[in-house]
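Chains A and B are the protein sequences, given in the same order. With the first sequence counted from 1, adding 39 to any position gets you the numbering used here. With the second sequence counted from 1, adding 39 to any position gets you the numbering used here.
If you are wondering where the hints come from, they were derived from the structure by calculation, not from laboratory data. Each residue gets a CB set at the ideal place from its N, CA and C atoms; glycine is no exception. There may be inaccurate statements among the hints.
As the list claims (entries may be wrong) - List time: in silico EDC-like cross-link candidates among lysine to aspartate or glutamate, alpha-carbon distance up to 20 Å:
| no. | chain 1 | residue 1 | chain 2 | residue 2 |
| --- | --- | --- | --- | --- |
| 1 | A | 134 | A | 412 |
| 2 | B | 295 | A | 52 |
| 3 | B | 48 | A | 52 |
To be verified - Here are some of the chain B residues that sit facing chain A, going by a computed Cβ distance under 8 Å:
| no. | residue |
| --- | --- |
| 4 | 46 |
| 5 | 47 |
| 6 | 119 |
| 7 | 120 |
| 8 | 131 |
| 9 | 150 |
| 10 | 213 |
| 11 | 220 |
| 12 | 419 |
| 13 | 422 |
| 14 | 423 |
| 15 | 424 |
| 16 | 461 |
| 17 | 462 |
| 18 | 464 |
Stated by the list, open to error - A few chain B residues facing chain A, derived, Cβ under 10 Å:
| no. | residue |
| --- | --- |
| 19 | 44 |
| 20 | 50 |
| 21 | 152 |
| 22 | 193 |
| 23 | 414 |
| 24 | 420 |
Protein chains: 2
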Amino acid sequence: MEKTKIPYKIYLEEHEMPKDWYNVRADMKVKPAPLLDPITKKPITKEALQKVFCDELVEQELDDTNAYISIPQEIRDFYKMFRPSPLVRAYCLEKKLGTPAKIYYKFEGNNTSGSHKLNSAIAQAYYAKEQGLKGVTTETGAGQWGTALSMACSYFGLDCNVFMVKCSYEQKPFRREVMRTYGASVTPSPSTTTEVGRKILEEFPDTNGSLGCAISEAVESAMNKDGYRYVLGSVLNQVLLHQSVIGLECKTAMDKYGIKPDIIIGCAGGGSNLGGLISPFMGEQLRGQKSYRFIAVEPESCPSLSRGKYAYDYCDTGKVCPLAKMYTLGSGYMPAPSHAGGLRYHGMNPVLSELYDQGLMEAVTVKQTEVFEAAEYFARVEGILPAPESSHAIRIAIDEAKKCIETGEEKTILFGLTGTGYFDMYAYEKFHNGVMNDYTPTDEEIAVALNKLPNIE
Amino acid sequence: MEKTKIPYKIYLEEHEMPKDWYNVRADMKVKPAPLLDPITKKPITKEALQKVFCDELVEQELDDTNAYISIPQEIRDFYKMFRPSPLVRAYCLEKKLGTPAKIYYKFEGNNTSGSHKLNSAIAQAYYAKEQGLKGVTTETGAGQWGTALSMACSYFGLDCNVFMVKCSYEQKPFRREVMRTYGASVTPSPSTTTEVGRKILEEFPDTNGSLGCAISEAVESAMNKDGYRYVLGSVLNQVLLHQSVIGLECKTAMDKYGIKPDIIIGCAGGGSNLGGLISPFMGEQLRGQKSYRFIAVEPESCPSLSRGKYAYDYCDTGKVCPLAKMYTLGSGYMPAPSHAGGLRYHGMNPVLSELYDQGLMEAVTVKQTEVFEAAEYFARVEGILPAPESSHAIRIAIDEAKKCIETGEEKTILFGLTGTGYFDMYAYEKFHNGVMNDYTPTDEEIAVALNKLPNIE
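Start from the sequences and build out the full structure, keeping to the hints where you can.
This is the structure:
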């Protein structure tokens with residue numbers, strides 16, 4: 040039961056903001072499988088990981104026992120610049136739909152990176168700075184992570200080199216300028232600046248690039264430069280840990296008003312937003328305290344949970360990264376150039392993969408045009424122009440709210456609105472002009488990609 | 040004295056949000072001069088104004104006696120979707136500058152229009168809807184007002200026709216797509232769709248357009264269409280009234296924490312943001328309760344307060360609008376194509392003009408490159424990518440804070456951060472590439488333009 044009239048937007052007070060991140064692995068009975076060394080195919084050592092990643096982030100990556108990890112004061116101070124993010128009651132959307140459902144969304148777009156990515160970027164930049172590094176390298180798909188990392192690096196005075204997936208680089212020239220505003224260098228990927236990039240270009244000269252390619256290039260680049268490490272905006276467990284700030288704020292706000300969501304929905308590419316949003320709620324479920332329905336929404340063109348295999352696979356196309364056990368379409372899978380660049384990843388974070396495998400989470404896929412229909416509808420009704428990625432969650436939230444019209448159920452629906460679409464107007468233009476395509480990979484395509492998975496027991 | 044530790048961001052509770060707009064004219068002893076009919080050159084009648092503007096908005100335009108005007112519930116509900124806007128304590132900026140000054144800014148950019156313009160857009164759309172109109176026409180410079188109006192019209196189911204200043208239309212194709220997302224039609228101005236547009240194109244075939252031209256086209260278009268009225272995003276007194284919500288929220292938040300600003304700074308194009316921000320503070324000053332230093336910041340290329348004349352002038356290039364007594368550079372003045380499209384207007388709101396003439400407000404001009412230097416600095420330090428318009432205020436706020444370093448004074452500085460620069464990356468790119476020009480009109484240019492002012496006593 041709701042205790043009081045819920046405001047349109049719930050902002051926590053500064054003192055209510057989380058002081059610790061929550062590590063859902065601590066509450067999992069069956070833990071996600073360990074990362075494997077790409078050379079030996081044995082569980083990777085801390086030392087090997089530290090050649091690629093910052094020391095403290097390796098500790099976090101491997102920690103599956105501590106439920107709470109303290110957020111350093113410098114990071115909490117930075118969080119105060121753009122957090123708490125509002126938990127919004129979608130009164131207008133409910134009214135327009137005529138649904139008895141109560142819809143809430145946690146809006147992470149009110150910062151210059153335009154998404155939730157800043158939550159982890161500032162943490163990763165902080166630990167790089169603490170370690171005395173000169174800079175970091177990374178990849179970016181839609182450009183949100185690259186922008187977030189540029190902002191974080193600028194704040195701590197670190198050099199920032201971004202490999203940007205080629206199709207996004209071309210569709211979003213202004214994203215590059217935002218990153219330059221924050222002093223970052225941006226290279227379209229695949230590029231000729233790395234060995235792995237040249238190799239990919241040789242094999243696929245017309246490729247639009249993919250997150251998998253860009254990751255390989257960024258890792259190679261970091262390992263060849265003194266005082267640099269690689270950082271990643273999704274997929275890794277450390278990222279889920281940092282992003283738990285989303286779910287923690289959300290839960291505090293909901294508890295404060297006595298709201299309990301029945302369904303929690305998030306878009307899923309590498310899993311950073313979905314994992315961050317659901318972590319504290321999933322924790323309650325794992326501890327047997329409460330139960331929720333969790334839904335991961337994937338693009339039809341890149342359905343790693345829905346149509347992939349739970350197996351060890353490379354995290355990147357160039358096979359230079361550790362292997363992770365995850366739901367995957369195969370590291371060689373080249374997703375169609377959809378407009379949700381942030382969801383074009385072949386695999387899924389290992390924690391989410393394991394939770395999905397245990398039947399604790401559902402997954403659905405949606406077509407691109409259906410996503411943009413929902414995006415435009417939402418923009419008009421709720422006044423926020425959503426990112427294509429976020430609009431995957433909107434689509435399913437609307438569908439679930441519509442089901443409540445039929446059944447009369449007053450379900451409480453919570454979804455993650457990860458970001459804004461200001462840099463996605465090229466995609467919106469295609470949608471307005473009726474020239475946007477949908478793409479569903481055939482069973483054969485998927486089978487071919489899965490056949491190339493490394494054979495590891 | 041500050042009572043308690045000030046949070047990074049102050050958000051009012053819903054119940055603390057203003058229920059009335061504040062009309063500063065009520066507290067002015069010398070009122071702004073009346074609008075004149077463009078044909079008779081006599082004070083314009085309510086009936087004549089109602090041919091151009093919505094009935095209720097005409098009432099508000101002419102009301103210089105009622106200090107408080109109730110905000111209709113529907114508008115207050117819409118406000119709740121994107122307001123209250125945060126009052127931000129710029130702790131990071133203060134630290135980076137090493138200033139003893141305390142800096143605050145009221146950030147109006149956290150909505151899809153990207154600026155404060157939505158405050159008045161929703162009010163104007165509401166009254167158009169109440170009057171049973173089919174739609175409205177308007178002009179837009181930088182595109183923020185056009186976007187805001189598109190959103191407001193979409194909310195109330197009104198048709199929306201936007202004339203967009205040509206140079207902005209070309210520099211910002213994605214702005215057009217945002218407006219289309221909200222169902223608006225967008226025409227570059229000057230266009231061949233109106234008589235006045237054709238006339239201007241004949242005289243200046245290579246013109247980049249100006250707000251003055253676009254206004255003429257929008258007015259003509261509205262008057263020729265059944266069930267349409269013209270709406271305007273700045274300059275008018277009704278707009279200042281709606282925008283007072285900025286200053287009212289600001290004052291409530293500051294009073295709550297016992298903060299009293301010494302200096303209040305805003306960028307000034309037509310005056311909508313500046314007027315809205317300062318109104319309640321100016322009211323206190325006019326009533327003899329408190330005193331403040333108010334600074335209007337203008338672009339060096341379009342210095343209406345700083346170098347214009349206080350005289351009756353046309354509000355538009357085509358001379359179809361009423362005449363207003365205001366600081367003006369002449370309605371024929373064609374400002375250089377700077378990147379702060381929202382400030383390229385030849386005149387200044389009559390209320391602000393009168394206050395400035397009474398010596399109650401200062402005005403300064405800043406060069407475009409100095410503005411972008413401040414913008415980039417601010418983006419890196421405070422994490423918000425500001426609009427070029429807003430960055431005019433940032434420039435002066437930083438300069439004032441630097442003066443405090445020299446004098447050791449702990450002044451409290453408040454400025455209006457009107458919007459975000461996500462659609463201004465073309466301008467940022469020019470700045471990054473070192474190809475941005477400054478432009479200072481010569482005395483002769485100004486004199487030539489002022490010579491063409493209509494001769495009215």
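Hint by hint, here is what the structure shows:
The straight-line distance between the Cα atoms of residue 134(A) and residue 412(A) is roughly 18 Å, inside the 20 Å bound, and the hint therefore holds. Between residue 295(B) and residue 52(A), the direct Cα distance comes to roughly 15 Å. Compliance with the 20 Å bound is thereby established for this hinted pair. For a cut-off of 20 Å, the pair hint linking residue 48(B) to residue 52(A) stands: about 9 Å separates their Cα positions. A distance limit of 8 Å between C-beta atoms decides the matter here; for residue 46(B) the minimum to chain A is near 5 Å, and the interface restraint holds.
Here the hint on residue 47(B) is kept, as its CB sits about 4 Å from the closest CB of chain A, short of 8 Å. For residue 119(B), the interface hint holds, the least distance from its beta-carbon to any beta-carbon of chain A being 4 Å, beneath 8 Å. Interface hint status for residue 120(B): upheld, as the beta-carbon distance to the closest one in chain A is roughly 5 Å, under 8 Å. Among the interface hints, the one on residue 131(B) holds; its C-beta lies about 7 Å from the nearest C-beta in chain A, closer than the 8 Å criterion.
Hint status for residue 150(B) relative to chain A: holds, with the closest Cβ pair at about 6 Å, below 8 Å. Because the smallest distance between the Cβ of residue 213(B) and any Cβ of chain A comes to about 4 Å, under 8 Å, the interface hint for this residue holds. With its C-beta approaching chain A no nearer than about 6 Å, residue 220(B) sits inside the 8 Å limit, and its interface hint holds. Taking 8 Å as the C-beta contact cut-off toward chain A, the hint placing residue 419(B) at the interface holds, the least distance being around 5 Å.
Given the 8 Å rule on beta carbons, the hint for residue 422(B) holds: about 5 Å separates it from the nearest Cβ of chain A. Restraint check, residue 423(B) versus chain A: the minimum CB separation of about 6 Å is within 8 Å; hint holds. The interface hint given for residue 424(B) is met, as the beta carbon of that residue sits about 5 Å from the closest beta carbon of chain A, less than 8 Å. Here the hint on residue 461(B) is kept, as its CB sits about 4 Å from the closest CB of chain A, short of 8 Å.
For residue 462(B), the interface hint holds, the least distance from its beta-carbon to any beta-carbon of chain A being 7 Å, beneath 8 Å. The restraint placing residue 464(B) at the interface with chain A holds, with a minimum CB-CB distance near 4 Å, inside the 8 Å limit. Evaluation of the residue 44(B) hint against chain A yields a held restraint, the C-beta minimum of about 9 Å falling below 10 Å. The closest approach between the C-beta of residue 50(B) and any C-beta of chain A is roughly 5 Å, which is under the 10 Å cut-off, so the hint is satisfied.
Of the supplied interface hints, the one on residue 152(B) holds, with its beta-carbon coming within about 9 Å of a beta-carbon of chain A, less than 10 Å. Checking residue 193(B) against chain A by beta carbon gives a least distance of about 5 Å; that is within 10 Å, so the hint holds. A cut of 10 Å between beta carbons decides the hint on residue 414(B): the least distance to chain A is about 8 Å, and the hint holds. Because the closest C-beta pair between residue 420(B) and chain A is about 8 Å apart, less than 10 Å, the hint holds.
Checked against the numbered hints given earlier, this structure breaks none of them.
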